[in-house]
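Construct all of the structure, not just a fragment, from the sequences and the given hints.
Chains as they are written, first to last, in UniProt numbering: chain A, 1 to 332; chain B, 1 to 332; chain C, 1 to 345; chain D, 1 to 345.
Think of the hints as simulated: they come from the structure by calculation, not from any bench.
One or more hints might be untrue.
What the hints assert, rightly or not - Restraint-style ranges between C-beta atoms, simulated for each label pair:
#1 B/D47 with D/K186: 17 to 27 Å
#2 A/G319 with D/N79: 37 to 47 Å
#3 D/E14 with C/S203: 30 to 40 Å
#4 D/D281 with C/L155: 34 to 44 Å
#5 B/P54 with C/E308: 46 to 56 Å
#6 C/A319 with D/K186: 36 to 46 Å
#7 D/A337 with A/E204: 34 to 44 Å
#8 C/A319 with B/P195: 55 to 65 Å
Claimed, not checked - Simulated pairs of lysine to aspartate or glutamate, DMTMM-like, Cα-Cα distance not exceeding 25 Å:
#9 A/K255 with A/E308
#10 D/K156 with B/E23
#11 B/K184 with C/D269
#12 C/K156 with A/E23
#13 C/K197 with B/E23
#14 A/K198 with A/E252
#15 C/K197 with B/E16
#16 C/K303 with C/E317
#17 C/K326 with B/E308
#18 C/K267 with C/D280
#19 A/K311 with D/E48
#20 C/K276 with C/D287
#21 D/K267 with A/D50
#22 D/K197 with A/D55
#23 D/K186 with B/D287
#24 A/K255 with B/D287
#25 A/K256 with B/E284
#26 C/K267 with C/E45
#27 D/K267 with A/E222
#28 D/K276 with A/E23
#29 C/K197 with B/E300
As the list claims (entries may be wrong) - Only some residues are given here: those of chain B computed to face chain D with a beta carbon under 7 Å:
#30 G73
#31 G78
#32 M108
Treat the numbers as computed from the prediction; the structure is a model and nothing was measured.
For glycine and all other residues, C-beta sits at the position ideal for the given N, C-alpha and C.
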Amino acid sequence: MDAAVRELSYSQAIQEAMAIAMEADERVILMGEDIGVYGGAFQVTGDLIDRFGPDRVMDTPISELGGAGVAVGAAVTGLRPIFEFQFSDFAALAMEQIVNQAAKMRYMLGGAVSVPVVMRFPGGSGTGAAAQHSQSLEAWLGHVPGLKVIQPATPHDVKGMLLAAVADPDPVMIFEHKLLYKMKGPVPEGHYTVPIGKAEVRREGRDLTVVATSLMVHKALEAAETLAAEGMDVEVIDLRTIRPMDRETVIESVKKTSRLMCVYEGVKTLGVGAELSAMVAESEAFDYLDAPIVRLGGAETPIPYNPELEKAAVPQVPGIVAAARDLIRGAR
Amino acid sequence: MDAAVRELSYSQAIQEAMAIAMEADERVILMGEDIGVYGGAFQVTGDLIDRFGPDRVMDTPISELGGAGVAVGAAVTGLRPIFEFQFSDFAALAMEQIVNQAAKMRYMLGGAVSVPVVMRFPGGSGTGAAAQHSQSLEAWLGHVPGLKVIQPATPHDVKGMLLAAVADPDPVMIFEHKLLYKMKGPVPEGHYTVPIGKAEVRREGRDLTVVATSLMVHKALEAAETLAAEGMDVEVIDLRTIRPMDRETVIESVKKTSRLMCVYEGVKTLGVGAELSAMVAESEAFDYLDAPIVRLGGAETPIPYNPELEKAAVPQVPGIVAAARDLIRGAR
Amino acid sequence: MAKTTAAKAAPAAEGGNLPFIYREYPRETLLGALRKMHLIRKFEEGAEESYMRGLIHGTMHLSIGQEASAMGICLPLTNDDQITSTHRGHGHCIAKGADVKRMFAEFFGKTTGYCAGRGGSMHIADVTTGNLGANGIVGGGLPIAVGAALTAKRLKTGKVAVCFFGDGANNEGAFHEALNMASVWKLPVVFVCENNKYGMSTSTERSTAVANIADRAAAYSMPGVIVDGNVLSDVAEASHAAVERARRGEGPSLIECKTYRYRGHSKSDRNRYRTKDEIDDWMSNRDPIERYEAQLVEFGIAKADEIEAIRASVAEEIAAGIEFAKASPAPEIADLANYVYTEQA
Amino acid sequence: MAKTTAAKAAPAAEGGNLPFIYREYPRETLLGALRKMHLIRKFEEGAEESYMRGLIHGTMHLSIGQEASAMGICLPLTNDDQITSTHRGHGHCIAKGADVKRMFAEFFGKTTGYCAGRGGSMHIADVTTGNLGANGIVGGGLPIAVGAALTAKRLKTGKVAVCFFGDGANNEGAFHEALNMASVWKLPVVFVCENNKYGMSTSTERSTAVANIADRAAAYSMPGVIVDGNVLSDVAEASHAAVERARRGEGPSLIECKTYRYRGHSKSDRNRYRTKDEIDDWMSNRDPIERYEAQLVEFGIAKADEIEAIRASVAEEIAAGIEFAKASPAPEIADLANYVYTEQA
Ligand SMILES: Cc1ncc(C[n+]2csc(CCOP(=O)(O)OP(=O)(O)O)c2C)c(N)n1
Ligand SMILES: Cc1ncc(C[n+]2csc(CCOP(=O)(O)OP(=O)(O)O)c2C)c(N)n1
Ligand SMILES: [Mg+2]
Ligand SMILES: [Mg+2]
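Here you go:
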């Protein structure tokens, strides 16, 4: 592909993907709270309403369960809705439609229908929005067969994965970290897809495999640079998809490095790193492991309001560096 | 304690615990759909309404979000509600009140309140109720700081843990497997508690640690007998509490047996066994491990209706035996 | 399937005072409706018996006594119109046009069933005749029906979505959100509350802070109509009006069908919450099939022996359906994970 | 705190034509209410300024323009009565009796804050004066208030629960479920919809299928009253009636206060959904504080210089509050996990 590559922010990349999908297919519509004239709580839909009109950029009432359910019903019957939750925390209001309906409908009906709905979940901490607006809930949906769950970490990937999601016949859940929205990166023009279910090695290394998700990919890469200066060579894998998880890429890497650390923002217990760790511990890579599998996840607390506490509640670069150093040096 | 011990079914044990709690404390009330004259979908409340009246055995409208929220509000202000979900699947309708409110309220208010609510979730497959009435969703709530999540496996434990839950100042979520309700076992009369957060070694063994939850404890014990006949000595741990997980008991056992298998009914990916595995893989027990950590969890599908498919979707005794045998013999 | 265009054919009877359906629909449609009402009842009796014999597992919710509601609502619908149904959904499925053979096969957990044995009674569906499925979640179908109506409006298909739900479901938040959105967006959807007086054991008086569910329509600025759900013509008339309104683009309506289920809530019901007298009264004095048959005879549309012939043919169809189900293959265990995701080329 | 018993003291003014509060409450109560309304506004202006200066992080939702609604509703409440509040909850908190020092401290993320720095603006609470907390979830407080009312009824405490929510929240399923249960169980709760015309950017016309939120009260068989939310006396009168009804055991009520917020929805609002004219009109012609002050003067209850003194004392209190907050200690990182669970002996 020879498409020109520009620097776009993560939110611009999402917006561009949605615009391309809507241009290409009349059935694609956007639904969500304040995505119209307001442009979305994080200005992701921006001015798309001017281009596609209120019938295709639909402001919903504040009704997450019903709104998600309408999107599900529309998807089953022929539309291709992209539904925005204003904050991923509000998924808690719509789990019934996401999990009991969208995820299971095809199965319960023996294959008679598909549910091509895309849902977008702005998540994560770091904005001072406190406990009910800062959660990372991807593990919940990652636990649910019938869903695909992705967490793109770069503008390039979020555009390509969103376009893959829209083309997917099954429900795809996209977790977007709010602190990524302003992050810039190269994004090709036009249509392209990044496959769902494939992790990406962001940095090759020999001494340790770090598998990270979303914003933590960038923190892990930053930590890897510090460690490189100390002579430690860290491989950083961007998991990108929570369900289905890319077993091969992770296991191959661990076989090479013999050490695994998982870095994720969701609560540590029963978070994404638990699955990564367990997946490796039951695989053929087990025999290659030279050290315990370390997880750096979110603290076992709600996200606090105070900014210093808030930072302390999720992995930060110095902590990643320290934990990786200990792991490589055999201090644990 | 010299209390007389009778054989009671699991559901009778729950009912007895609730009656004891209600006798002892006027603030304890029961709420749920059809728990009054109907006696509950699984006859757990039975005829308690005759004893305590409709003001304390409250039928709610079919309003899971609101009902759970009323229980939360009542708990914050002085009552001690025990809220029954008719099926654990309907938790999906109330995640907002459970997770965004009950679990976080104390934290968000800097310790100014406690939320002593107990919620009961009849879950699990095996009754032919299909995809929306058979889920095991304990992993979702186990991921949530602020909650305590328990899964008692015997009549004795469910009575004692329910009484511990009612006495607990914080929200306690009880997952009850529907196939356990009719299971009988010894239950002491009167008031006693079984601590939240403590696992129980149900069978001692040298060759393999099996950590199981809920109904799977019984399957694991059955499998252990078969394996014993083949000369393999399996230790079976009943996890009992998902949050907070009993690290010590599990890790001590693994240090002894050098092998770990997790057996649970929830979907394998990101289910309880993922956390167990990861907890051990990052602990000092890692160095004792002689083999990969194996997980037997629910299939990556919704629960199907057809009874043979339904059985195939969750771990069964022969599968546990085979997996344990392979693991002990080093076939994996 | 009954088509709205059928109404253009010669009506079954003349006379300004006749109830709606006799003026609107030709004889075949009316007899077809009777046949379906019998088919619903016999299907459920057959399913009940098969359950007792251990041929069907799980649980089921029978709608015996509510046949006029299912049939009357579906009468004005075309095959293209879509419905969402409930846990008590066998009648909706048959009324909308499903084949009882494949329904039995589903209940027996066979691959020939509508859901390939994965769904069972609680998820019975027939997408080919526009039934998007029963739902195990009370209120679960409400927003989904609104979504179907959104598709119809956006893609200008002319379809109408009909959403069945129970009186108990009207207290779910989903009811509120769905009706509000449908009205704000003027979507072609008809909400049909089958009020059989109880949500499981809980009477509407004890669960619902309003006398009639239809009274809540005002909170969404849509018409709310109450009909005797055991009188086929009354139900069909209300449905016809609401469906036509929806097709004209005037938005949603709410119909409340007052009816009654003869059986317990499900297969585990001690029946402590209703009196024998109440049940007897409905069964003896308000049976929807008997009342419809009486009218058909009274208005000279069918004779007793014709009705008898319908019953006999229904009995045959049921027996054949059960045989088909028994003879059908069960799914392979190896296929457990089929249909979780869409198989892509 | 204003007490209902205060009404028994000599009223501020005589005369049958006077609006409610002047007949019911003594002068101190009325001046106290004015002071609190100023305190609310100045608190929010102070918070806004501190935010601009980077002293407060996160976001906040200001209720400037809505002071009469918060104050009028709380006027008939005692300290024991409980409220649940919203994301736009500073006014409720102050009206119910909280200390602005500890509110500022909370916004500054300090240990002396009402939530020990864990909650911030969106979770501001003061349990000691009966405020169970603002809520980051639209509609989240509705069932919780019903639960508080259930406790009051069950334990016969005589308390009333008051639930604030916005027009946008009325489309949440929680609204429906909460009002229905409150009515079925006749609980002592007052639902107060602060209708400021928009839920974030979405006008009630575009989100709500009914002209007035109070019209929905009929769907729950409870009284629904509409008041000018910018007229203190009107709000207090409606609140008084609803609170007394609740105390008498006659069940819940719904009050709709028509009001307006002057500021954007939160700190990230491009203001594309309302016109400058609309905003100007409300600010210039319907300001709740100005209208109240005008009445106080007109009815001879306060003179201009007295009002000026109130303003000055409020300004002092605000300045002191900010100083207190600045000077307070931040939480220790080591205490991150405090308050997740209740510390047990
Ligand atoms: C969300 C949810 N809550 C509860 C149930 C359990 N349940 C199944 S049917 C039913 C009663 C439904 O009553 P109604 O809506 O009146 O329908 P009916 O059974 O009377 O046809 C209940 C409580 C459920 N399936 N889903
Ligand atoms: C469940 C939920 N959905 C959406 C939001 C985001 N949000 C916060 S305030 C708000 C608007 C609320 O409108 P309204 O209830 O009218 O209150 P107002 O802001 O006008 O005071 C929205 C959409 C939220 N916090 N919670
Ligand atoms: Mg009913
Ligand atoms: Mg508003």
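Results for each hint:
{"no.": "1", "hint": "B/D47 with D/K186: 17 to 27 Å", "result": "26 Å, holds"}
{"no.": "2", "hint": "A/G319 with D/N79: 37 to 47 Å", "result": "45 Å, holds"}
{"no.": "3", "hint": "D/E14 with C/S203: 30 to 40 Å", "result": "52 Å, violated"}
{"no.": "4", "hint": "D/D281 with C/L155: 34 to 44 Å", "result": "42 Å, holds"}
{"no.": "5", "hint": "B/P54 with C/E308: 46 to 56 Å", "result": "49 Å, holds"}
{"no.": "6", "hint": "C/A319 with D/K186: 36 to 46 Å", "result": "54 Å, violated"}
{"no.": "7", "hint": "D/A337 with A/E204: 34 to 44 Å", "result": "37 Å, holds"}
{"no.": "8", "hint": "C/A319 with B/P195: 55 to 65 Å", "result": "59 Å, holds"}
{"no.": "9", "hint": "A/K255 with A/E308", "result": "38 Å, violated"}
{"no.": "10", "hint": "D/K156 with B/E23", "result": "19 Å, holds"}
{"no.": "11", "hint": "B/K184 with C/D269", "result": "23 Å, holds"}
{"no.": "12", "hint": "C/K156 with A/E23", "result": "19 Å, holds"}
{"no.": "13", "hint": "C/K197 with B/E23", "result": "34 Å, violated"}
{"no.": "14", "hint": "A/K198 with A/E252", "result": "13 Å, holds"}
{"no.": "15", "hint": "C/K197 with B/E16", "result": "32 Å, violated"}
{"no.": "16", "hint": "C/K303 with C/E317", "result": "21 Å, holds"}
{"no.": "17", "hint": "C/K326 with B/E308", "result": "16 Å, holds"}
{"no.": "18", "hint": "C/K267 with C/D280", "result": "20 Å, holds"}
{"no.": "19", "hint": "A/K311 with D/E48", "result": "24 Å, holds"}
{"no.": "20", "hint": "C/K276 with C/D287", "result": "16 Å, holds"}
{"no.": "21", "hint": "D/K267 with A/D50", "result": "23 Å, holds"}
{"no.": "22", "hint": "D/K197 with A/D55", "result": "22 Å, holds"}
{"no.": "23", "hint": "D/K186 with B/D287", "result": "62 Å, violated"}
{"no.": "24", "hint": "A/K255 with B/D287", "result": "18 Å, holds"}
{"no.": "25", "hint": "A/K256 with B/E284", "result": "23 Å, holds"}
{"no.": "26", "hint": "C/K267 with C/E45", "result": "13 Å, holds"}
{"no.": "27", "hint": "D/K267 with A/E222", "result": "31 Å, violated"}
{"no.": "28", "hint": "D/K276 with A/E23", "result": "34 Å, violated"}
{"no.": "29", "hint": "C/K197 with B/E300", "result": "39 Å, violated"}
{"no.": "30", "hint": "G73", "result": "2 Å, holds"}
{"no.": "31", "hint": "G78", "result": "5 Å, holds"}
{"no.": "32", "hint": "M108", "result": "4 Å, holds"}
This entry does not satisfy hints 3, 6, 9, 13, 15, 23, 27, 28 and 29, going by the numbered hints stated previously.
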